Amino acid sequence: MTAFCALLAFDVRLSFRRGADTMVVVGFFLLTVFLFSLAFRGDTALLARIAPGLVWVTALLAAMLALDRLFLADFEDGSLDQLLLSEIPLELVVLAKAAAHWITTGLPLIAAAPALALVLNMNGAGLAHLVLSLLLGTPTLTLIGTIGAALTLGARRGGVLISLLVLPLYIPVLIFGVGVVTAAIDGMDASVPIMALGGFLLGALALAPLASAAALRQAAR
Amino acid sequence: MIHFLANPARFMRIGARLLPWCWALAALGMGAGLWFALVVSPADYQQGDSVRIMYIHVPSAWMALAVYSLIALVSAMALVWKHPLGFLIGRAAAPLGTGFTVICLVTGALWGQTSWGTWWVWDARLTSVLILFFLYLGYMALGSAFDDADRGNRAAALLAMVGFVNIPIIKFSVDWWSTLHQPASVLRMGGSAIHPSMLTPLVLMALGFVAYFLALLVLRVRAEIAGRKVAALMMAGAMGGAGEFHDN
Chain A
74 MTAFCALLAF
84 DVRLSFRRGA
94 DTMVVVGFFL
104 LTVFLFSLAF
114 RGDTALLARI
124 APGLVWVTAL
134 LAAMLALDRL
144 FLADFEDGSL
154 DQLLLSEIPL
164 ELVVLAKAAA
174 HWITTGLPLI
184 AAAPALALVL
194 NMNGAGLAHL
204 VLSLLLGTPT
214 LTLIGTIGAA
224 LTLGARRGGV
234 LISLLVLPLY
244 IPVLIFGVGV
254 VTAAIDGMDA
264 SVPIMALGGF
274 LLGALALAPL
284 ASAAALRQAA
294 R
Chain B
81 MIHFLANPAR
91 FMRIGARLLP
101 WCWALAALGM
111 GAGLWFALVV
121 SPADYQQGDS
131 VRIMYIHVPS
141 AWMALAVYSL
151 IALVSAMALV
161 WKHPLGFLIG
171 RAAAPLGTGF
181 TVICLVTGAL
191 WGQTSWGTWW
201 VWDARLTSVL
211 ILFFLYLGYM
221 ALGSAFDDAD
231 RGNRAAALLA
241 MVGFVNIPII
251 KFSVDWWSTL
261 HQPASVLRMG
271 GSAIHPSMLT
281 PLVLMALGFV
291 AYFLALLVLR
301 VRAEIAGRKV
311 AALMMAGAMG
321 GAGEFHDN
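Those sequence lines, one after another, are chains A and B. Going by this note's numbering, the first sequence opens with residue 74, and the numbers climb by one from there. Going by this note's numbering, the second sequence opens with residue 81, and the numbers climb by one from there.
Don't read these hints as lab results, they were simulated from the structure. Since the model is a prediction, treat every value here as computed from it, not as a measurement. Worth double-checking, as some hints may not be accurate.
Partial list, computed: chain B residues near chain A (C-beta under 7 Å) [what the hints assert, rightly or not]: (1) Leu215; (2) Ala221; (3) Phe226; (4) Arg234; (5) Leu239.
Not everything, but these chain B residues come out facing chain A in the computed CB check (under 7 Å) [stated by the list, open to error]: (6) Phe214; (7) Met220; (8) Ala225; (9) Ala229; (10) Leu238; (11) Val242; (12) Pro276.
From the derived model, a few chain B residues whose C-beta atoms are all more than 12 Å from chain A [to be verified]: (13) Asn87; (14) Pro100; (15) Val120; (16) Leu150; (17) Met157; (18) Leu159; (19) Gly197; (20) Gln262; (21) Leu297; (22) Arg302; (23) Val310; (24) Leu313.
Beta carbons are placed, not taken as given, at the ideal position from N, Cα and C, and that holds for glycine.
Please model the complete structure; the sequences and the hints are all you need to start from.
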């Protein structure tokens, strides 16, 4: 547990000191949604209708931006080999890395989402459920993303490859994430998609570290 | 059985012996299947002749799922027992499975246009098969993305196992969600709900598809093994040549 906390704190501090990851992700998120608003010439009725899907797709793409850096620095400077040799289980290392990645990219996305909801004329229930669905959904995205990041270590054009591997696996999260927000905006019961998102999170929490750790062991062979 | 077949030379010998039978069964199954499908079986009372698309669509859908499951299975075996033949079979099967998935999607769109009035709907079954198509693409892209072929094989094998979560989702999507796509009617609890006159061509076509797939798989694995031998010989030749040069 101490090792987990130490790794987590180290990675979060490293990422915030560098600052680039968080800024790029949030900047991309805000800018892309603004671009859509401009492209549709500020048609507020249309934008309000597509807002849940728009925000979720953009969040998904933004969350993917920093994925390739998840293990890359450790892989290149040899820290990964040290972590493999240490007595900390590699699955725990993956969890710590995923948690740090989510704190530095997922949480800022969620913090920026209400501003976009207001810009897109989402109502109060929609805004609350957007934040809730992102809170449940983005950790799942990060966890699935660790698998793609670990598999593509050392690949040619690894960054582009990750999107091809990971986006198909993101689709269920996207569908139910948008389902939560749309149901809430229409004043309907959103508990079923919320539970589905929670289920995905628990499943990914249990399985993704195993797959990522296996992929990391292969990358370091 | 697994360990017996994991020897590439033995696999190739058995494969070579099976190959003519596979071709014969493929020709017979698809030939007879097409005869039953186009001539003998009746037109549907609602859909008319467009129901005959089913005899291509359904077997290719089964194959798309079966081939992916096969890839996941041989990948797992290759990783667990370190049988490199498993990687070869997986990599050789992937383009074939992609082909079946494309045929399934295209015939499905044609059939949808005639019976639902639309080429495509975003329902659970169609979307999950589309995801399967992208999983195949990702598997092939990842496998060839490394300079070290072995690393590519291993990474792709792991991805195939991760992507296997999609297979049960596809199979049961029509039962879990109410969709436009009809629920399972052949492989289901309580027996098949399809009339024998339509089941005969379906089963024949499916048999033909399986035999055709096996024949192509053996050919592709054989080509891959031969290609590796050629590469190894050329490498040895180049090394020998370089050695001679230094000796002189």
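Hints, one by one, checked against the model:
Restraint check, Leu215(B) versus chain A: the minimum CB separation of about 6 Å is within 7 Å; hint holds. With 7 Å as the threshold, the beta carbon of Ala221(B) comes within range of chain A, its nearest partner Cβ sitting at about 6 Å, so the hint holds. Among the interface hints, the one on Phe226(B) holds; its C-beta lies about 5 Å from the nearest C-beta in chain A, closer than the 7 Å criterion. With a cut of 7 Å, the hint placing Arg234(B) at the interface with chain A holds, because the nearest CB-to-CB distance is about 5 Å.
A cut of 7 Å between beta carbons decides the hint on Leu239(B): the least distance to chain A is about 6 Å, and the hint holds. Look at Phe214(B): its Cβ gets to within about 4 Å of chain A, closer than 7 Å, so that hint holds up. Annotation: interface hint on Met220(B) violated; nearest CB of chain A at approximately 10 Å, more than 7 Å. Taking 7 Å as the C-beta cut-off, the interface hint given for Ala225(B) holds, the closest approach to chain A being about 4 Å.
Among the interface hints, the one on Ala229(B) is violated; its C-beta lies about 12 Å from the nearest C-beta in chain A, farther than the 7 Å criterion. A distance limit of 7 Å between C-beta atoms decides the matter here; for Leu238(B) the minimum to chain A is near 5 Å, and the interface restraint holds. Interface hint status for Val242(B): upheld, as the beta-carbon distance to the closest one in chain A is roughly 5 Å, under 7 Å. For Pro276(B), the interface hint is violated, since its Cβ never comes within 7 Å of a Cβ in chain A; the closest pair sits about 38 Å apart.
No beta-carbon of chain A is positioned within 12 Å of the beta-carbon of Asn87(B); the least distance is around 24 Å. Remark: the non-interface label on Pro100(B) is consistent with the geometry, its nearest Cβ contact in chain A lying 38 Å away (cut-off 12 Å). Every Cβ of chain A is farther than 12 Å from the Cβ of Val120(B); the closest lies at roughly 40 Å, confirming the non-interface assignment. Under the 12 Å C-beta cut-off, the non-interface status given to Leu150(B) relative to chain A holds; the minimum distance is some 19 Å.
Met157(B), annotated as away from the interface, keeps every beta carbon of chain A farther than 12 Å; the closest lies near 15 Å. The claim that Leu159(B) is not at the interface with chain A is violated, since a C-beta of that chain comes within 12 Å of its own (minimum 8 Å). Even its closest Cβ contact with chain A, about 24 Å, leaves Gly197(B) beyond 12 Å, as expected for a residue assigned away from the interface. With a closest Cβ-Cβ approach of about 21 Å to chain A, Gln262(B) is found to remain outside the 12 Å limit, as its non-interface label requires.
Every C-beta of chain A lies more than 12 Å from that of Leu297(B), the closest at about 24 Å, which supports listing it as non-interface. With a least CB separation of 27 Å from chain A, Arg302(B) remains clear of the 12 Å interface cut-off, as annotated. At roughly 24 Å, the least C-beta separation between Val310(B) and chain A is larger than 12 Å, which holds for a residue marked as non-interface. Every Cβ of chain A is farther than 12 Å from the Cβ of Leu313(B); the closest lies at roughly 27 Å, confirming the non-interface assignment.
Figure legend: structure checked against the earlier numbered hints; hints not met, in rising order: 7, 9, 12, 18.
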